[in-house]
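Enquirer: Going down the list, the protein sequences come from chains A and B. With the first letter of the first sequence counted as 1, position 197 gets the number 197 in our numbering; the numbers rise by one all the way through. With the first letter of the second sequence counted as 1, position 44 gets the number 44 in our numbering; the numbers rise by one all the way through.
Please keep in mind that the hints were generated in silico from the structure rather than gathered at the bench. The hints are all genuine.
No copy is singled out in the list; a pair is fine if it fits within one copy or between any two copies.
Here are the simulated lysine to any residue pairs, SDA-like style, with alpha carbons at most 20 Å apart:
no.	residue 1	residue 2
1	LYS50	LEU65
2	LYS20	GLY341
3	LYS135	ASP293
One letter stands for each residue in the lines below.
Number of protein chains: 2
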Amino acid sequence: MTAPSRQALVPFVSVANMMKLVHQIGIERVLVDLAAEIEEDFRRWPSFDKTPRVASHSDVGVIELMPTSDGETYGFKYVNGHPSNMKKGLQTVTAFGLLADVKTGYPILLSEMTILTALRTAATSALAAKWLAPKGARSMALIGNGAQAEFQALAFKAVCGLSEIRLYDIDPAATRKCLRNLEGHGIRLVPCASAEEAIEGAEIITTVTADKQYATILSDNMAGAGVHLNAVGGDCPGKTELHRDILLRSDIFVEYPPQTRIEGEIQVLPEDHPVTELWEVISGAATGRRHPDQVTLFDSVGFAVEDFAALRYVHRQLERFAFCEPLDMIADPDDPRDLFGMLLRAA
Amino acid sequence: MTAPSRQALVPFVSVANMMKLVHQIGIERVLVDLAAEIEEDFRRWPSFDKTPRVASHSDVGVIELMPTSDGETYGFKYVNGHPSNMKKGLQTVTAFGLLADVKTGYPILLSEMTILTALRTAATSALAAKWLAPKGARSMALIGNGAQAEFQALAFKAVCGLSEIRLYDIDPAATRKCLRNLEGHGIRLVPCASAEEAIEGAEIITTVTADKQYATILSDNMAGAGVHLNAVGGDCPGKTELHRDILLRSDIFVEYPPQTRIEGEIQVLPEDHPVTELWEVISGAATGRRHPDQVTLFDSVGFAVEDFAALRYVHRQLERFAFCEPLDMIADPDDPRDLFGMLLRAA
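All chains should be modelled from the sequences, with the hints used to inform the complete structure.
Expert: Pasting the structure below:
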């Protein structure tokens, strides 16, 4: 049996290799790089083939496929969302992703994306805040201190220059875990006993809780004038975090309206409630923050273009760092019509 | 750094391991097993979550994601179709697939599917013929002798008991390749100089050509009374193989009408042209062949449930045969909320 051809071998970035890659480059640098990469793709938003993700719902969670293409490269992510996983000691969200060459359909990268999704979600949040948050913001309330929390904190420090993070979770153990992990990263950390305490003096409020249900993490009086809201946790049908009245007082920015209207905070609003697409702000077609008293809301649910940008970034790093292994994934006989002969000769 | 947990490791069946598995069991036995597995899933068709595949088209081909779920297990296949690949020495169709546990969203199998798709496509064709072809059929015309041809020949021998295959391709080299590969498999092989010669005396006609264009492989006078047509090659928009008049004289059987009306032979017919779903025939809800003179047509485009059945079969074989390797694909920290801590500790 001959060895697989080069085309047959797909570079695979395992979890272990993703962690090595991130440490090689540095976590904060990766977050800054990813924000720049996503910003670049948001600038050329119209060039992407976009479709709402394909979701398979069950009573305990959802499994989704998120494809996109820029005409040269195709990418998709497999991602699940199972809030009850945490009680079983499993991740609520796990993911992997793939890039392929549009011209041949052959995969060019397979990568873990549980860690990469956490990084790109935080990078996207910070990118949105860069365009929407009040100038000179220094402090952020971080409500929900689960798996995504530290990534958010570091991204806002690295991309937006925040110096203070005010932490709150209904479970104090989650806050303690965050404090432990974020120690020594050059951020002033303020553990808080309530959401109300967490938002004191914060110009940015990030909500990133995990329950799959309508929950009011922020009530109406908690979103003061001039604040920027970064709503990360409301990301599937039936799951929201903000009181409806906050939405009515906010200027709302989203990734891809057809998906956000189903999954985001705005699922509780009428279908025609005005929203601005983030890519329009970044490309100059729309205005972000207009005045200091305005409440801006980034209703984040995550979109395929962000994963595409993140995968492309990882793929490019493999030119410099060999943090991948070749995967014998594509049958590629010498004579393309002789797939059966290849199988026969393997006997 | 601690080793990945068991949940984090996804069994991966490489191309090399798939070939070993097929030879361990025996190619014909695998085809018979797959036909039985697919038949079983077609019997419980209503229990599947079905959706037309999600296609990303370019001017040279298509990349598709084909998801389905039976409520317990989720599966999807990535597959491309690039007719121009052959000229570049690449496969027209390559694929891989995944199974996941619906309860947790965690993957339980990643597998090559280029070879597996060839096997399941042939097994599905033979399964349809078992229900639709004239009783006692012995001879099949095989028009198009490319990558799928030998799989079709062996499946019809193993599942339907055919003893003669009449081969024709516009490129005689393709036919010679088939003759070479099928020698010694207990089938009478008849190379033919034309499609007309190939269909002489054949009770079943299989068309499996690869050009992405409307082509008439079979003209109207070539589909005689009582014949069963197995149209495999017409499987994407703009690609058909049969003359429209044949369709009008045939009783047409399909996998999943919303997909076949876009991709199959029937894309040239009105949207309401009557078709029968194959699962209805298998489950007893509809009649297959009614009389000896009837022309039956299986307008095959391939559906996610067939891939699901094939992946489940492979997954079950891994209990007996260790033809897989563990892939470190899912980040699974001991404390599910401590994804960042896991990353930190890897430094």
